[in-house]
Amino acid sequence: MNGKIEIKNVSKTFIPVETDKRPVHALGLINLVIEPGEFVCIVGTSGCGKSTLLRLIAGLEKPNGGEIFCDGELVDKPSPQRGMVFQEHSLFDWLNVRKNIVFALKAAKKYKKHDTLIDTLLQKADLVEFANSYAYQLSGGMRQRAALIRSLAVSPDILLLDEPLGALDSFTRMSLQDYIIQLWRERKNTMLMITHDVDEAVYLANRIVVMKPHAGKITQIVDIPMPYPRNRGSSEFASLRTKLLKHLDFAKEDEQDYNL
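The working numbering numbers the first residue of the sequence shown as -1 and each following residue consecutively.
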């Protein structure tokens, strides 16, 4: 099974163009292994290097130190086997939904009259009636569903999600969380998702990686043993949420101290 990610002693520093500004140490030494088929969420405050780490795994940036391997191959450039979904839908505004998916397939050199595949994806995303619509004609939730199936059309082993639900209202967000779980359980690919929402991380992930800034580092890795589908109102859910908030230094002092 493909989709293994190995991050070994990775660091990243950004050098400002202005000579009077100091370098920004985005990531310290990061070490992490994600097994094929896992769903891992990364949580942390702004500036902890979450998005930088995701871009390094995608091959959109290169580390200053260390190496990243996906299925044993060194990551030094983007690959269709590592799909990425951003907070903004990133659909091409001049193409309708169907043609956005066609574009992704052609870019990955996987387009051979995949009309059946596209129809299946549109049906799963409940977008059949909007196949010929443009991004501005869709709701926020529909745009993100379209972005997700566009990334999944090329069957990536790894799907990288950079806060894909961050701009949505809470009801649409919860609905799409269920949709993402459904896609993941059907396709069994590796999911790595960044989120600022602790509840979202507990609801989705097998494991949660907690990061802190200056420079970005991993401070905790929390296993989430709850079976799917998960009950947001359960005591176990609340307990895991409290643990994460304590690791992020947001839990109140009078809350119970849970040891991992």
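There could be a bad hint or two in this list.
What the hints assert, rightly or not - Distance condition first, Cα-Cα at most 30 Å in a straight line; then the derived DSS-like pairs of lysine-lysine:
(1) Lys215 <-> Lys104
(2) Lys210 <-> Lys107
(3) Lys19 <-> Lys186
(4) Lys97 <-> Lys107
(5) Lys215 <-> Lys244
(6) Lys60 <-> Lys19
(7) Lys215 <-> Lys6
(8) Lys19 <-> Lys210
(9) Lys108 <-> Lys2
(10) Lys122 <-> Lys60
(11) Lys75 <-> Lys19
(12) Lys2 <-> Lys215
(13) Lys19 <-> Lys107
(14) Lys110 <-> Lys97
(15) Lys186 <-> Lys110
(16) Lys19 <-> Lys6
(17) Lys210 <-> Lys2
(18) Lys110 <-> Lys75
(19) Lys6 <-> Lys60
(20) Lys210 <-> Lys122
(21) Lys108 <-> Lys97
(22) Lys110 <-> Lys2
(23) Lys97 <-> Lys122
(24) Lys2 <-> Lys122
(25) Lys75 <-> Lys108
(26) Lys210 <-> Lys244
(27) Lys107 <-> Lys122
(28) Lys186 <-> Lys6
(29) Lys2 <-> Lys60
(30) Lys244 <-> Lys6
(31) Lys97 <-> Lys75
(32) Lys215 <-> Lys186
(33) Lys122 <-> Lys104
(34) Lys75 <-> Lys186
Claimed, not checked - Distance ranges between label pairs, derived from CB positions:
(35) Ser232 <-> Asp74: 23 to 29 Å
(36) Met172 <-> Asp69: 18 to 24 Å
(37) Gly164 <-> Asp247: 18 to 24 Å
(38) Ser131 <-> Ser173: 15 to 21 Å
(39) Glu86 <-> Glu234: 32 to 38 Å
(40) Arg230 <-> Arg185: 22 to 28 Å
If you're looking for bench data, these hints aren't it; they were derived computationally from the structure.
No experiment lies behind these values; they were computed from the predicted model shown.
Backbone N, C-alpha and C define an ideal beta-carbon position, used for all residues, glycine too.
Status of the hints after comparison with the structure:
| no. | hint | in the structure |
| --- | --- | --- |
| 1 | Lys215 <-> Lys104 | violated (37 Å) |
| 2 | Lys210 <-> Lys107 | violated (39 Å) |
| 3 | Lys19 <-> Lys186 | violated (45 Å) |
| 4 | Lys97 <-> Lys107 | holds (15 Å) |
| 5 | Lys215 <-> Lys244 | holds (17 Å) |
| 6 | Lys60 <-> Lys19 | holds (21 Å) |
| 7 | Lys215 <-> Lys6 | holds (13 Å) |
| 8 | Lys19 <-> Lys210 | holds (22 Å) |
| 9 | Lys108 <-> Lys2 | holds (22 Å) |
| 10 | Lys122 <-> Lys60 | violated (35 Å) |
| 11 | Lys75 <-> Lys19 | holds (29 Å) |
| 12 | Lys2 <-> Lys215 | holds (21 Å) |
| 13 | Lys19 <-> Lys107 | violated (43 Å) |
| 14 | Lys110 <-> Lys97 | holds (14 Å) |
| 15 | Lys186 <-> Lys110 | holds (24 Å) |
| 16 | Lys19 <-> Lys6 | holds (29 Å) |
| 17 | Lys210 <-> Lys2 | holds (24 Å) |
| 18 | Lys110 <-> Lys75 | holds (25 Å) |
| 19 | Lys6 <-> Lys60 | holds (13 Å) |
| 20 | Lys210 <-> Lys122 | violated (37 Å) |
| 21 | Lys108 <-> Lys97 | holds (14 Å) |
| 22 | Lys110 <-> Lys2 | holds (28 Å) |
| 23 | Lys97 <-> Lys122 | holds (17 Å) |
| 24 | Lys2 <-> Lys122 | holds (26 Å) |
| 25 | Lys75 <-> Lys108 | holds (19 Å) |
| 26 | Lys210 <-> Lys244 | holds (13 Å) |
| 27 | Lys107 <-> Lys122 | holds (23 Å) |
| 28 | Lys186 <-> Lys6 | holds (24 Å) |
| 29 | Lys2 <-> Lys60 | holds (19 Å) |
| 30 | Lys244 <-> Lys6 | holds (27 Å) |
| 31 | Lys97 <-> Lys75 | holds (25 Å) |
| 32 | Lys215 <-> Lys186 | holds (28 Å) |
| 33 | Lys122 <-> Lys104 | holds (21 Å) |
| 34 | Lys75 <-> Lys186 | holds (24 Å) |
| 35 | Ser232 <-> Asp74: 23 to 29 Å | violated (44 Å) |
| 36 | Met172 <-> Asp69: 18 to 24 Å | violated (33 Å) |
| 37 | Gly164 <-> Asp247: 18 to 24 Å | holds (21 Å) |
| 38 | Ser131 <-> Ser173: 15 to 21 Å | holds (19 Å) |
| 39 | Glu86 <-> Glu234: 32 to 38 Å | holds (34 Å) |
| 40 | Arg230 <-> Arg185: 22 to 28 Å | holds (24 Å) |
Taken one by one, the earlier hints fail for this structure at numbers 1, 2, 3, 10, 13, 20, 35 and 36, listed in ascending order.
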